[in-house]
Amino acid sequence: MEIPKIYESTKTESKWYDYWMKEGFFNSTPDDREAYTIVIPPPNVTGVLHMGHMLNNTIQDVLVRRARMMGKNACWVPGTDHASIATEAKVVTKLKNEGIDKADLSREEFLEHCWEWTHKHGGIILEQLKKLGASCDWNRTHFTMDEGYYKAVIQVFCDLHKKGNIYRGVRMVNWDPQALTALSDEEVNHKEVNSKLYYVRYKVQDADDEWVTIATTRPETIMGDSAVCINPNDTRYKHLIGKSVIVPIANRSIPIILDEYVDPEFGTGCLKITPAHDPNDYEIGIKHNLDSIDIFNDNGTLNAHGGPYEGKDRFEVRKAIAKDLDEQGYMVKTEDHINKIGFSERTDAVIEPKLSLQWFCKMEELAKPALEHVMNDDIAFHPPKFKNSYKHWMENVKDWCVSRQLWWGHQIPAYFYGKGINDYVVAETIVEALEMAKAATGNDKLTVHDLRQDADVMDTWFSSWLWPMAVFGGFDKDNDSKELDYYYPTNDLVTAPEIMFFWVARMIMAGYEYKNELPFKNVYYTGIVRDKLGRKMSKSLGNSPDPIGLIEKYGADGVRVGMLLSSPAGNDLPFDSSQCEQGRNFTNKIWNAFRLVKSWEAKDFDQPEYAKKGIEWFENKLNERLAEINTSYDQFRISEALMSTYKLVWDDFCSWYLEIVKPAYLQPIDATTYAKTLEIFETVLRIIHPFTPFIAEGDKGRSTGTVRKRLHHCGNLARGSES
Amino acid sequence: MATWPEVQKVDQSILDGFNFADEVISNIRNIRKEKNIANKVEIELRIKKNQETDTSFDSVIQKIGNISSLEYTSEKVDNAFSFIVKSNEYFIPFSEDIDVEAEIEKLKAELEYTKGSLAIAEKKLNNEKFVAGAPEQVVANEKRKQAEALAKIKVIEEKLGSFA
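If you're matching them up, the sequences are chains V and W in order.
Numbered as in the numbering used here, the first sequence ends at 871 without a single skipped number.
Numbered as in the numbering used here, the second sequence ends at 1472 without a single skipped number.
There could be a bad hint or two in this list.
[To be verified] Once the Cα atoms are required to be at most 20 Å apart in a straight line, the calculated EDC-like pairs of lysine to aspartate or glutamate come out as: (1) Lys760(V) - Asp1362(W); (2) Lys535(V) - Glu665(V); (3) Lys760(V) - Asp1330(W); (4) Lys170(V) - Asp285(V).
[To be verified] Stretch-level coverage of chain V by chain W, calculated; a stretch enters the list once three of its residues show a Cβ under 8 Å from a Cβ in chain W: (5) 216–227; (6) 619–633; (7) 773–785.
[What the hints assert, rightly or not] If you only want the chain W side, here are some residues facing chain V, beta carbon under 8 Å, derived: (8) Thr1311; (9) Val1315; (10) Ile1322.
By construction, these hints were calculated from the structure, which means they are not laboratory data.
In this text, a Cβ means the ideal position worked out from N, Cα and C, and glycines have one as well.
Kindly produce the complete structure, drawing on both the sequences and the hints.
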């Protein structure tokens, strides 16, 4: 049979992957070998593969495959995240398109829709990862809403509550008026925007034509004003001390208060205070015992406190009130202004600071070991520059708002037995809750029907922070801890720096809290995949290539090489599909080398001197490269390991070695050199295996030629199987 | 069991020896390229060894360089292309297969042609009316042709010189 001139990646790759799966080469069970463990950063269950996943998972697969070859018991755990807010938003939109309003559904009905959606779209991304060649132990696939995982999350919530680390309280939170939920600080993106600074004058009460001018970017919040604040050292306003002013339009009297918080340089030096709608004003409100007037409904429209503007959206009101203030003579002037505004990471809605009763997780104690063990490199960051921002965040960490006003997720295990805000118990099961409620009330007649579970769910990260432990049954009380003891701490985590705080930091916290141990030894931060122009890839820009399309065109091996050619850890990767082309050329180069060697005919005659010297040189050169490659791997310089591997194949093996030993046209090769060449080829294939696992398998099943047999054999070796 | 290869001890002297051979081979390749000697045309190599250098890869030089005979000599070789690596002198003697005359003829013809191109361009550029009247782009174009021809003439003359 003719060997194809061009390597047929698509056909070959699916054949090999099926074979690997059938033989169970990726499966791992604890044994007496050293474990090497990676847990996948679980992608959103209903997501599809993007270039960031491609980069991230290629690196993980490279590390896992090499560890497997090094004789370690390699275990790469795959899985998906239920992605509370993202999935719920998708389901709500889908229902809306079908004419169904979430508000008309019961919680159970809505969750049924979520599960249906999850089952329909869930797992697509995992199938896509298989196309890339990901050597995960698929029998270990986990989902953050699996029964056991769900229980683990509830257990941790209860435990932290018992320890006093979870509490309920009214705090100023980041409110997303579109998703109708609170968000953590980390879920808010701050962007600079062009806005206007409105100078509005308030009439001083009981005075004749005396006015105070304030400057604000949010004139609609005037309806919620509780005071005007001046700096006590500001001599310009000494005469106002002790007086009151009238809020325009609202026509309410509010006091003038003194606080050094006010910057006399900003605006007019007079600051309106709206405790319900600004985090700083909220603090001042508490300090000065001011009324807190919440003027907004949850969806960002004004409520009854909005007076004439009731029922209208906040941005509409901003325009309307500016016009009214102007017409009624209150507007002094407006100026163009640039300020930073928070946007919801998920919906991109402008965040509304809002007072709200939420669940919080105390961070101070949890953060201490997590900071210490990163700063002392027990957990090594690659590249280490990320330690700086980690440190900054951990030293300034605020309590974590863990409740979300959503339904898709782990429901908060707080059960209310009365009307008061403190009439609740926290328990893992409703049965347990009932006992606690009876004890709390002294009422033995209480039944489960008298209990009402908190409707909110937990922040998605409150489940994924347990990932490295939960996937090994770390919270399963009925199980022995054999798996956890064997695989945990895991070895390497490969993730994007964007989720260093969301996820990495919190896994470290959970690791020390529950195992008193680090969750992983190394964290490899990948860069951001950008387009040729340096822009982040996004759906809306349409600049993100379809990863599966790339694999079909260039082969998984080609794309893997293309992704890694220019992506040193932590640096952005400017991606161009020409890199995948280069990757494909690399696999073709190996293919052509294979065809060349296959075309030789071995005969028994004396080995020429040049061949002997060529072999001697190549064996030394290979070891020099191998040492280089090992060092790069050990230091997580994966791109450099690839470059050395690339040079070994292209320059040393193809351009030099094969040219040296190659017999003259149509002449036979001596048997000694031929056998040695096969051995060398085999070693080279083993070294390329982590990067290009498919081509490294050779060309199984085509014919029974000696070379091929030999290459099948080395394919078997490279695959990580017994042979 | 699948294994990642163990690193074996590297004999640096072998790698050094090869690097030296690599340098010699690069020079041979350059000469083949410059003098239009196809790879399939066998050549001879004479080496005047002025210092002790590694000869262990001579067989590889011979194979890759397609060298019919590699010999050491104490004298300079006339009628040969030459190059130097370290302080050794290398000679590739002219032979029947290396048709020096034909190569010289070819270069001379190319030189004539290029000089002709240069003359045409310079004639135009020396014509004041042309320079004053023609669009700027056209004048620039002629200037470019002039520069290119001059550069090419220099290269050809150098090559011719190397045959002397």
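The hints, checked one at a time:
no., hint, verdict
1, Lys760(V) - Asp1362(W), "holds, 16 Å"
2, Lys535(V) - Glu665(V), "holds, 19 Å"
3, Lys760(V) - Asp1330(W), "holds, 17 Å"
4, Lys170(V) - Asp285(V), "holds, 12 Å"
5, 216–227, "holds (count 4)"
6, 619–633, "violated (count 0)"
7, 773–785, "holds (count 3)"
8, Thr1311, "holds, 6 Å"
9, Val1315, "holds, 5 Å"
10, Ile1322, "holds, 5 Å"
Violated hint for the displayed structure: number 6, the only one.
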